[in-house]
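*Asks:* Sequence:
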Amino acid sequence: MLGQEQQTPAKDVSEVILNEEDDEHDAKECVLQRYFLQEWNKLKSLLDDIVVNGCVSDPSAVNKIRSILEKYQEQGQLLEPYLESIIVPLMSIVRLKTIELGVISDEILDIIKPLCIIIYSLVTVCGYKAVIKFFPHQVSDLELAVSLLEKCHHTTTTTSLRQESTGEMEAKCVILLWLSILVLVPFDISTVDTSIANSNFVGGTEPSPLVLRILGFSKDYLSNAGPMRSIAGLLLSRLLTRPDMPKAFTSFIEWAHEILSSVTDDAVDHLQLLGVVGALAAIFKAGGRNFLLDLVPVVWNDTLILIKSNAATRSPLLRKFLVKLTQRIGLTCLPHRSPSWRYVGKSRSLGENISVSENITDKHDRCGHYPNVDSWNSNQNASCMQEDDMDVPETVEEIIEVLLSGLRDTDTVVRWSAAKGLGRITSRLTSELADEVLSSVLELFSPVEGDGSWHGGCLALAELARRGLLLPSSLPKVVPFIIKALHYDIRRGPHSVGSHVRDAAAYVCWAFGRAYYHSDMKDILEQLAPHLLMVACYDREVNCRRAAAAAFQENVGRQGSYPNGIDIVNAADYFSLSSRVNSYLNVAACIARYEGYLNPFVEELLFNKICHWDRGLRELAAAALCALVKYKPEYFATTVLERLIPCSLSTDLCMRHGATIAVGQLVLAVHQCDHVLSTDKQKAVAGIVPAIEKARLYRGKGGEIMRSAVSQFIRCISLSHVFVPEKTKRSLLDTLNENLRHPNAQIQTAAVEALKHFVPAYLVWVDDGGANGITSKYLELLSDPNAAARRGSALALGVLPPEFLATRWRDVLLKLCSSCAIEDNPDDRDAEARVNAVRGLVSVCETLSKTMKPSVSLSLEDYRALYLLIKNEVMQALFKALDDYCVDNRGDVGSWVREAAMDGLEKCSYILCERESVGFPTKMPGVENTALLESEVSENDHSHSLFDASLATSLIGGLLKQAVEKIDKLRETAGKILQRILSNERILVPCIPYREKLEEIVRNEVDVKWGVPTFSYPRFLQLLQFSCYSKFLISGLVISVGGLQDSLRKASLTALLEYLQDPKNDKSEGRSREYMLASDLLWVLQHYRRRDRVIIPALKTIEILFSKKVFLQMEAHTAEFFPGVLDSLAIELKGSKDFSKLYAGISILGYIAAMLDPLNTLAFRQLLTFLGHRYPKIRKAAADQVYLVLLQSGNLVAEDKMGKALEILYETCWDGDLEEAKHQRSQLYEIAGLETRVLMTSSRESDKNNDKRATADENASYSSLVGSSGF
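Read in order, the letters of the sequence shown correspond to residues 1 to 1271 in the numbering used here.
The reader is advised that the hints may include incorrect statements.
[Said to hold, decoys possible] DSBU-like, lysine-lysine: derived pairs with alpha carbons at most 35 Å apart:
1) K71 to K133
2) K151 to K64
3) K1177 to K1137
4) K853 to K777
5) K997 to K1137
6) K729 to K880
7) K1222 to K1141
8) K1108 to K1137
9) K683 to K727
10) K1134 to K1109
11) K729 to K694
12) K701 to K681
13) K420 to K129
14) K681 to K632
15) K1009 to K976
16) K522 to K681
17) K850 to K976
18) K1137 to K880
19) K1064 to K976
20) K727 to K756
21) K1177 to K1204
22) K1137 to K1064
23) K1009 to K1050
24) K1109 to K1177
25) K1108 to K1177
26) K880 to K853
27) K880 to K683
28) K1180 to K1201
29) K1134 to K1064
30) K1064 to K1109
31) K777 to K681
32) K630 to K694
33) K1064 to K1204
Since the hints were derived computationally from the structure, they do not count as laboratory data.
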């Protein structure tokens, strides 16, 4: 159907597409076919334009056509029905234009090159064999093509990029391919050579001038690095093997002998060597045996010497060509024969296979049983034994040895070529010799051989099987090696090798399924199926899993009915095996339920995967083992556990780590299956951790891995309620405490998770006062100088059960609140400790609020005090954590604390709001006469509201601040939390100001990209109109507008300017938006005084807003904003060493100084002081600003003195001598009429400050500052 539709591409395309709508067979090809048919109109129109014009008029058309064709690189067969309609018109243009213009014209190359680019694109997609069938092959075209190629050969152009290709290479390749067809003309070439009349050609066996020309440029192309080399070899093979070319052939062989005999290290010679060997291989493929037999000794001798040379050792491509040439020499030495001993397997034709099946069915109906298909083959083998032995030349034995050595090569391409060659040669040998070849191949599977030998052996076995050369009688001795290859995995250092061997072994199994009948493969398949499925489910590499699954599917599909085969194939398909986790936990568990697979899967996990070198794979294998427990809990609880427990003390780190994790998870899985372990097993399991500690396996290499494994093990036995003696309980608790103090975060996390389940399982019901002791110990560790101890103890407090918090909950909360704050001593500061403190604090609050109820031990007053403490202390501590902007060599580590604090604020808000909505109980259950008066309750509730407007404003404001700062992840987190708070239907968060506007901006939608600046900033900045949120927003916004990230700065600034220009926001709460913005910026400058993290970007933001003329319409408010800015600048710039801060401040002073009185004089005076700054770059920047101010404002200096002032500013070298700069600054003060007293005071203070930090040389101090500032 595909071929019929595509043979007439000129038909209505839409009709073809409609006919295929319901065709779901071979989905990928159908999709590509439809896609190409949809593009056929476009491609046809482009080709028609070229045909009509006789050339490519639009250069872009070539790129369009090539882009369409290259999409089918993997499905080139879809284009084959279209090749004739594409190639014939284009080659006709090439031929006709060459005849019309002649090869002498320079215009001819400009015409054919674009056409050749299109044709060569088809060659790369479909292959040259499919394309050259449609080339013109008239006899008269031979000279034409030779002349055209000579024209291209002597014309060279250069190009820098592949996409700028001029078509030179493509033209040479296409013409060479054209010649490879034309040289097959069935006439003596000398009869079509018109140049003979003008030459001294004597005839006979001498090559004609035309042949000499072809040989000349073909030899040149053999030294080329491009695709012309292989095409030239193809051309030479077809030309020289003609019957009328004996002299030319002999001459070429002599020339090739010289090249092969004079091997050098030169790069050009190496390319020529590759070309010559490739050409010889092509000649031995195309030539007849009688024609080539006499050349074998010479060529084989050269080949054998070259194989042993250094050039072959260094070049995999040369070794590949040499192996290819070697096998073809061997085929020449052996007569072509179809051995009767060969296994006659399945045909590739579906019709033939069906007819064979019908014959077998007829025989079954007549005889009552299926015949053994192999019986016919066996009879043939018996008759073959009586054949006369064949004389095998010594050369063939040497060739077979070379091919067997090629199977051991380090490069896959060489091994693959050797395997194919060995298969071809074996097909011409007798059965005895074939058995010897098979024995030699099986020797490659020796343990002393490397992975390359195993891979080459698998490829060779697959080739022998495909060609029917591996008889069914030999399968029993082959299969054990294939099974070993399926599990081949050799560790080398921190990794392993063997994935290519396992992949090749799966290919062998695939070849078996295609080559043999079911009667011959029944027993073999029963052996291979479990191993194939082991690889399909449990291999580390996805290509091996898919290869094994494909081999199993091939065998199931071709070998007839196989138990549960279809179900297994459906479960282990191409896509389900793409994920390793899915393969281990789901696919394997699905297959293991079928008979015969559970035990092999368990053995594979125990012997190969639990002890695997990859830590992640060991942990996954333990989980996979647990996924199989449900099928045989008793078997796992006894046999598997008995084998795993001793392995937990193995000397091999991988084994003991995997076994420890596997035992723990296995015990838990058995418990979940309601199976109780025997007392002896529980005792053995409980003794694993003490035994590990006694063996000191925490020390040395792998100690951290074992600590994490032990924590996971304790967690599993705690969930399983395994009986543990009291002494062992204390030991396990000490182990967890040690792991909590470990600096590795993964070990701490595992220990916390284990402690969460260990304490309720083993310590809650022990009434010996240990609860207070454990809580007190963790509280003390919160003040430990060791940062790791503080981290672990904070997390540990968060997972303690309520029984351990009941008596000291106030101390725990207050201590954790203090631990959330930044440490006073800089040396003690640890961001991870603060993050864990925040998380632990929130966890404790959740535990207390969910479990603690008023009782005899907890009075109503204490119950109320708990929630008031959460409101007054916990919430405030979390608000302070939102201002954690600590930075170390890892960057903004405070962002981790802020992220945890946002999450904690959301949870604590829900706790308070839920209690606020329910109210407090007025009577303790089970206690008489403790009811409170209703008036007293209402009075207390009114005076102690748990969630008021102030708290709501701080909550939303803090989240909004994080939502407009510079870190994408925090903006995303803040946006999602705001979204959840505003849309929570179960717990309403009350008292939120302007809630309707917030819900309009933060809508309850799915997959909102709050981290995208262009999406989030325009929405959140609408809230600047509300004074309760504006200060929060501005304090976060300045970080983005004045930050270093260019894209973020553009997005935030654009959103701010759009907000200011939006007429809807003209009046916000009765004040102009510019005034509110200015007031908030002034608040930021005052609130964050001397905190450069905010001040520097705030100054940059003000500078940018001045440049955008935002503050020009604020004349009515200049008395408030500009003096405040000047005061802040005086404080911030005094003694500052930060260049970006100084630059921004000087620029702001310049903008203010250019405005009207009286502020411009103050700003101008402050600006002049920087002309005497100790840093030359700052003096230069200040001078530039003063110069601009004087040009823009005429009231600062009298008109008659303006020229003098500008002259001083222009001619003075401000980044030169400091004293000269101060002298010129004094003159400017006098010209401006400013008081020198202020100047002298500032100078003395500046000199005093400079003396404190003085160095011997000003430039030395400056250079050190510049170096430290990153300039």
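*Asks:* Does each hint fit the structure? Answer for all of them.
*Replies:* Hint by hint, here is what the structure shows:
Straight-line distance between C-alpha atoms of K71 and K133 comes to about 22 Å, which keeps the hinted pair within the 35 Å bound. With a CA separation close to 28 Å, the supplied pair K151 and K64 stays within the 35 Å bound. Among the hinted pairs, K1177 with K1137 is consistent with the structure: their alpha-carbon atoms are about 12 Å apart, no more than 35 Å. Only pairs whose Cα atoms come within 35 Å are accepted, and K853 paired with K777 is accepted, the gap being roughly 25 Å.
Between K997 and K1137, the direct Cα distance comes to roughly 44 Å. Violation of the 35 Å bound is thereby established for this hinted pair. Among the hinted pairs, K729 with K880 is inconsistent with the structure: their alpha-carbon atoms are about 40 Å apart, more than 35 Å. With a CA separation close to 22 Å, the supplied pair K1222 and K1141 stays within the 35 Å bound. Restraint check for K1108 and K1137: satisfied, since their Cα atoms lie roughly 27 Å apart, inside the 35 Å limit.
This hinted pair checks out: K683 and K727 have alpha carbons roughly 13 Å apart, not beyond 35 Å. With a C-alpha separation of about 27 Å, the suggested pair K1134 and K1109 falls inside the 35 Å cut-off, and the hint holds. Between K729 and K694 the CA atoms are separated by roughly 15 Å; this keeps the pair inside 35 Å, and the hint holds. The suggested pairing of K701 with K681 holds, with an alpha-carbon distance near 30 Å, which does not exceed 35 Å.
For the given pair, K420 sits about 20 Å from K129 by alpha-carbon distance, which is consistent with the 35 Å threshold. Of the pairs offered as hints, the one joining K681 and K632 holds, with about 17 Å between alpha carbons and a cut-off of 35 Å not exceeded. As the CA atoms of K1009 and K976 are separated by approximately 9 Å, the hinted pair is consistent with the 35 Å bound. At most 35 Å may separate the alpha-carbon atoms for a hinted pair to count; K522 and K681 exceed this at roughly 42 Å.
Pair hint K850 plus K976 holds up; C-alpha atoms about 25 Å apart against a cutoff of 35 Å. A C-alpha spacing of about 29 Å is found between K1137 and K880, which places the hinted pair at or below 35 Å, so the restraint holds. Distance hint between K1064 and K976 is fulfilled; the C-alpha atoms sit about 27 Å from each other, no more than 35 Å. Using a Cα cut-off of 35 Å, the hinted pair K727 and K756 holds, with the two alpha carbons roughly 20 Å apart.
A hinted pair counts as satisfied when its Cα atoms are at most 35 Å apart, and K1177 with K1204 qualifies at roughly 23 Å. Between K1137 and K1064 the CA atoms are separated by roughly 43 Å; this puts the pair beyond 35 Å, and the hint is violated. With a CA separation close to 18 Å, the supplied pair K1009 and K1050 stays within the 35 Å bound. Of the supplied pair hints, the one linking K1109 and K1177 holds, its CA atoms being roughly 27 Å apart against a limit of 35 Å.
For the hint pairing K1108 with K1177, the CA-to-CA distance comes to about 25 Å; that is within 35 Å, so the pair holds. As the CA atoms of K880 and K853 are separated by approximately 29 Å, the hinted pair is consistent with the 35 Å bound. A hinted pair counts as satisfied when its Cα atoms are at most 35 Å apart, and K880 with K683 does not qualify at roughly 50 Å. For the proposed pair K1180 and K1201, the alpha carbon gap of about 22 Å is at most 35 Å, so the pair holds.
Distance check on the hinted pair: K1134 and K1064 sit about 41 Å apart at the alpha-carbon level, beyond 35 Å; violated. Proximity of K1064 to K1109 is assessed by CA-CA distance (about 20 Å); at most 35 Å being required, the pair is judged to hold. Taken as a hint, the K777 and K681 pair is honoured in the structure, with Cα atoms around 34 Å apart against an allowance of 35 Å. In summary, the hint linking K630 to K694 is supported, as the alpha carbons are separated by about 34 Å, within the 35 Å threshold.
As the CA atoms of K1064 and K1204 are separated by approximately 50 Å, the hinted pair breaks the 35 Å bound.
Checked against the numbered hints given earlier, the structure breaks hints 5, 6, 16, 22, 27, 29, 33 and satisfies all the rest.
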